[in-house]
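Peer 1: Protein chains in written order, with our numbering: chain A, 1 to 497; chain B, 498 to 723.
Calculated directly from the structure, the hints in this document are not laboratory data. Just so you know, even glycine gets a beta-carbon here, dropped at the ideal spot from N, CA and C. Among the clues, some could well be false.
Stated by the list, open to error - Incomplete in silico selection of chain A near chain B, CB under 7 Å:
1) Thr375
2) Gln376
3) Ala379
Claimed, not checked - One side of the interface only, derived from the structure: several residues of chain A facing chain B at Cβ under 10 Å:
4) Leu241
5) Asp306
6) Arg320
7) Ala326
8) Ala342
9) Leu345
10) Leu349
11) Glu352
12) Ile386
13) Lys387
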Amino acid sequence: MPADEAGSEARPVEGRGPLVRLLAPGGLAGTSTFRWLIGYSLVFLLITGAIVGTLFWRTNDLLTRHVLATIASEVQGLREQFRAGGATLLVRSLAERSRVAGPGLYYLSSPFGEKAAGNLDGLPIELAANGTSGLFHYRPPGSGESASRLAAGVSIEIPGKYILVVGRDIEDQRSFAEDARRTFLIGLGLIGLLGLGGGVLASRRLLRRIDGMSAASRLIMAGDLTGRVPVSGAGDELDRLASSLNLMLARIEELMAGLREVSDNIAHDLKTPINRLRNRAEQALRDGGGVVEYRAALEGSIEEADDLMRTFNALLSIARLEAGAARDNLGLLDLTGIVRDAAELYEPLVEEAGLRLETRIGDTIMVQADRQLITQAIANLIENAIKYGGGPDIGRAAGVGSPSSTQATGGKVTVTLRRESEAAILTVADRGPGIPLEDRERALKRFVRLESSRTRPGSGLGLSLVAAVVRLHGGSVRLEDNGPGLRVTIALPLASP
Amino acid sequence: MRVLVIEDDNDTAHFLRKALRESGHAADVASDGAMGLEMARAGSYGVLVIDRMLPHRDGLSVIEVLRTAGDRTPVLILSALGDVDDRVKGLKAGGDDYLTKPFAYSELLARIEALARRNEPQERATVYVVGDLSLDRLSHKVSRGGEAIVLQPREFRLLEYLMKHAGQVVTRTMLLEHVWDYHFDPQTNVIDVHVSRLRGKIDKGFAEPLLHTVRGAGYMLRQGPG
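Kindly produce the complete structure, drawing on both the sequences and the hints.
Peer 2: Right, here's the structure in full:
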């Protein structure tokens, strides 16, 4: 059935035997937890085996030596009896001892090879040779062939060609040792099984959590950026990992949202002037007219193209700054010199606009900076201040700002630079209408042009560029109310001495 | 003057050839780096205009080969890459000036002419003289018609640059680059205000103006009708 086969191909792990499932790639046997537990169990088994084995061997040895000592002392006793009373006393003593039920085993063969006394049926084959000692098997009197028992003993010659065998039954000791060994082995087996079972359980639990994380990341890769890795709440290292991953995902989602907003803004900022350019050309063609009209239309088109280029360049600069590549160009510079030069460049322009440029610049402040970028940021801020924070005439012409406030303060652009504990504080302030509180944060965002700036010349990306420059320098920008007007405050980290 | 344009974009190359010819210069065009290098070695050109990115041989490598061979022909690099970094790389490779695309033709022409007249004896003089205006580069004294003119340091450098390039068109960007050492595009007429202040000091009260505005291009300091 091809259909069924295809089905099982798709799910190679499920629907098969547990061992296959265990050993399949990606199965439990492949998890690190499982391997770790197997290794741990093996080591545990080895150590336990070694300890118990030694104990076992020592006990057995002790018991055997105890048996041998008993036998030796008995032999000693019997020898003395023989010496005192000859064979007769020895035979009587052996018969007496044999009558007592116990582990003692005796056999005395006469010079003719017959049994003279003892509780053994015959001379054990294992001890037939004179003077040997060792283990032997015997059958207790009145028992069947199968009931052969193990014993230890010695055979010695007694003067007069008697052979005396003294032994002790060690069958009980042996079977006890055998039982102990079996119990021990079963124990070891159980420990191994439990270890394996525990390993399976633990790694399945872990595997399930990791599978959850894998599934979540697959979903996220498929495009669902809102997805998050599950956190079990146990607070263990896996949870910490999951939380870190989630923080990273949140950051990525934020960046992606930023990127989407950025491309929307770029599209808007570039499409509008392109459209204007096209409309102008089309209008000129439709209207016809003479050389003068065409010339005017073409000049207008070039202006539009230049405008478009400026916007494009500003966008590109911001994008490059955000990428951070320019960070390599930062050098140790005196910020006051940069600010003074920039102020000097713009002072005539500010005055031309009917405003006053006021500068308050302190003593040397060393920072890690790029002169071009910092100057461009200051230039943007002063240009903005001229454009929006104009004097009474400009303010009225644009229909913004209350006449009383602008007239009272008489149009002034203020540039200050001072050192605070850890930072160089640069401010550029104007007395214009300012930026409404709700727009301030947005105005600093990448590629954002406030609506009010779209109707005026320039790329309108000045503040975005300033923010990007400051971010590149590791500083921060704040837009504040200058009561009236806008005050832009830039904090740049001081160069470490 | 003969100008060699090494540029792989056909439209740009032909626009430049046509425009340069209309401005009174002879212009040849090479469409790739290898061909450009060959032509630059064979002919004698006043200025080379070299695009940064070219097929077969990169623009910077063309310049390096020429410089290694001892060719000192002034080179203007054209590039779509406008970073300060790219600029520095271009000048390090042996370029003399760097212009970012897109550019206004007037800007390109002004720079080509400035490059062509580089190292003329007049440029190295210690005293620049245009008409009755003179500027002493050592004592920093400026006078017109025998009357001393007091200039701010920056105004002095502005006038020095304009006089150094007397009779040539100088663009706003060139002024910003050479007088202020800024390499960005200001969105306002910040340079114009400085020039008009300078004009107020050197031309005001004199019958013949020396500092002229060239519409759509920049400024020119010259005596008499251009």
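Peer 1: Compare the structure with each hint and give your call.
Peer 2: Verification of the hints:
no.: 1; hint: Thr375; verdict: holds, 6 Å
no.: 2; hint: Gln376; verdict: holds, 5 Å
no.: 3; hint: Ala379; verdict: holds, 6 Å
no.: 4; hint: Leu241; verdict: violated, 39 Å
no.: 5; hint: Asp306; verdict: holds, 8 Å
no.: 6; hint: Arg320; verdict: holds, 7 Å
no.: 7; hint: Ala326; verdict: holds, 7 Å
no.: 8; hint: Ala342; verdict: holds, 9 Å
no.: 9; hint: Leu345; verdict: holds, 6 Å
no.: 10; hint: Leu349; verdict: holds, 5 Å
no.: 11; hint: Glu352; verdict: holds, 5 Å
no.: 12; hint: Ile386; verdict: holds, 7 Å
no.: 13; hint: Lys387; verdict: holds, 8 Å
Violated hint for the displayed structure: number 4, the only one.
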